Amino acid sequence: MPAFELFQPSSISDAQKLLEQYREDAWVVAGGLDSFDWLKDRIKRPKALVDLSGIAEMKGVRTSSEGVEIGAMTTLTEVVRHPVVREKYGLLAEAAELAASPQIRNQGTIGGNVSQDARCWYYRAGWPCYRAGGNVCYADTPTGRNREHAILHAERCVAVNPSDSAPALIALDARFVLRTPKGERIIDAEDYFIGPDVDITRLHILKPGDLLTSIRIPSTWAGAQFYFEKVRDRNVWDFALLNVASAMQVSGNAIERIRLAVNGAAARPLRLRAVEDAARGKPATSATGEMAGKLAVQGAVALQFNAYKIPLMRNLVKRAIGGVEEAKWVS
Amino acid sequence: MPNPTLKILGDTPKAVSRRRFIKGVIAGGAAVSSASYLFRNSVVHGVSGTGDRLITLNVNGQLRRVDVMKQETLAWTLRYKLGLTGTKLGCDRAECGACTVLLDDVPHYSCSVLTHTVRNEKVLSIEGLANEDGTLHPIQQGIIDEQGFQCAFCMSGFVMATEGFLKTIPDPTRSELAHGISGNLCRCQDYDKILTALMRGAENMRTANHV
Chain A
0 MPAFELFQPS SISDAQKLLE QYREDAWVVA GGLDSFDWLK DRIKRPKALV DLSGIAEMKG
60 VRTSSEGVEI GAMTTLTEVV RHPVVREKYG LLAEAAELAA SPQIRNQGTI GGNVSQDARC
120 WYYRAGWPCY RAGGNVCYAD TPTGRNREHA ILHAERCVAV NPSDSAPALI ALDARFVLRT
180 PKGERIIDAE DYFIGPDVDI TRLHILKPGD LLTSIRIPST WAGAQFYFEK VRDRNVWDFA
240 LLNVASAMQV SGNAIERIRL AVNGAAARPL RLRAVEDAAR GKPATSATGE MAGKLAVQGA
300 VALQFNAYKI PLMRNLVKRA IGGVEEAKWV S
Chain B
0 MPNPTLKILG DTPKAVSRRR FIKGVIAGGA AVSSASYLFR NSVVHGVSGT GDRLITLNVN
60 GQLRRVDVMK QETLAWTLRY KLGLTGTKLG CDRAECGACT VLLDDVPHYS CSVLTHTVRN
120 EKVLSIEGLA NEDGTLHPIQ QGIIDEQGFQ CAFCMSGFVM ATEGFLKTIP DPTRSELAHG
180 ISGNLCRCQD YDKILTALMR GAENMRTANH V
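Those protein sequences? They're chains A and B, same order as listed. Residue 210 in numbering that gives the first Met the number 0 sits at position 211 of the first sequence; the count goes up by one each step and never skips. Residue 31 in numbering that gives the first Met the number 0 sits at position 32 of the second sequence; the count goes up by one each step and never skips.
It cannot be assumed that every hint is accurate.
[As the list claims (entries may be wrong)] Calculated cross-link-like contacts (lysine-lysine; reagent style DSS-like; alpha-carbon spacing at most 30 Å):
hint, chain 1, residue 1, chain 2, residue 2
1, B, K166, A, K87
2, B, K121, A, K46
3, A, K16, A, K39
4, A, K206, A, K58
5, A, K46, A, K206
6, A, K58, B, K121
7, A, K206, B, K69
8, B, K69, B, K121
Honestly, the hints are just simulated from the structure, not real lab data. Since we're looking at a predicted model, the values are computed, not measured.
Could you put the whole structure together from the sequences, leaning on the hints where they help?
As structure tokens, this is what we get:
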């Protein structure tokens, strides 16, 4: 790795002072698993690394009657093993457990997982693409390798968001607590993520100097009916080709409340509001799922090698609503 | 009458085993680093950074003074500064698991940990598993019992991942253990035998702990 100065602040305010001081030359490190790839490949060359692992106030899970607050520096393993998260917000535990490998979950943090950068290999290999500030997309060409890329809301850049916990947090209606130079800011999980239409160089709203300090999950969806599924090439380590997360409350024969999100389809995890609206009040059956799936992929555009993602997303949404048993593939 | 010279030669593998040789190298390194400790006043302190490059690490139960660059990974420090070459560098990208060590009993890819960030943690590498007298750790013994690896480049990583996993689930099923060590790759594709060997290791550990 190229040389840099390493800072290990012990409080959020100290970290902010450092970010203030170094601005664009600073690089924030949480677990480091995304960061070190950039540094080892010498594509990013920050002058100062601000390592957040020494900040105790950003670690751990706090529970209250209003829900849980997870420090951004809490590791995925800690999230997965936390008894309250498992019992009431199992959707998140399930999603976090499917991320990467055991060692990465031991080190990678929930804040890092939702803030990681795109995995498009043209971008990661340092090609001067749109996302890197250039003027071309190498993936969206007739011969570009784009099997893993976007089917929805692509604009110039076709990279997707790689996070597994992000759709689960959106389905759980989580709030993200940010610390900006202007003070604390609390936003909906959904609004943390941005597409190329807002800023093509970032997947989230953090600007230099901003920090994601914690994630709050309200008790609104505690113990609801959850569904999470991640589809990937290998059973371990791989990023999702697509994943789906849903939280449903079914009373009697009808879906009373529902939140549903997919990731791997666009540059940001997508909350499927139209699907939610259409499914509400209907029975949680494969017929409703079928309808929801078709609705979910409306407007989807396949690239050269990722057409499979459209039926895949349709079926994942169908399963998320109608369950797996009834949702067997019929050709 | 036995030739005394031959007798000495015959004892050599025990007297100067590879392990002891490495230990000797490490002791030499410790002497060098303690020498630099004496002259640490000459080190220029960073104004607000992490300060000294000369830090103390707790490695395999020993406190080791070592000169570490800010951008240095733990795998690099272990192998090239402390002489603990049992930790292997495969991909250097947190993808293969060959560099797995335990930090406070939890498996980590040491290729993706900055050494400066583990100053307050206990590092355990493969060299710290066996007893001082050379008795192998139960997992290591399990591998010998079952001949679980082919080229074994990935072995130390697998052993450390298993050691860490068994601390949370000491009596795993085969599929639980497979899931627990799923962050390690074997290019020989010897997974089935590796799993058999590590299951034997887990069994050995339970036997050892019950005694």
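Evaluated hints:
{"no.": "1", "hint": "B:K166 to A:K87", "verdict": "26 Å, holds"}
{"no.": "2", "hint": "B:K121 to A:K46", "verdict": "29 Å, holds"}
{"no.": "3", "hint": "A:K16 to A:K39", "verdict": "26 Å, holds"}
{"no.": "4", "hint": "A:K206 to A:K58", "verdict": "22 Å, holds"}
{"no.": "5", "hint": "A:K46 to A:K206", "verdict": "17 Å, holds"}
{"no.": "6", "hint": "A:K58 to B:K121", "verdict": "19 Å, holds"}
{"no.": "7", "hint": "A:K206 to B:K69", "verdict": "25 Å, holds"}
{"no.": "8", "hint": "B:K69 to B:K121", "verdict": "19 Å, holds"}
Checked against the numbered hints given earlier, this structure breaks none of them.
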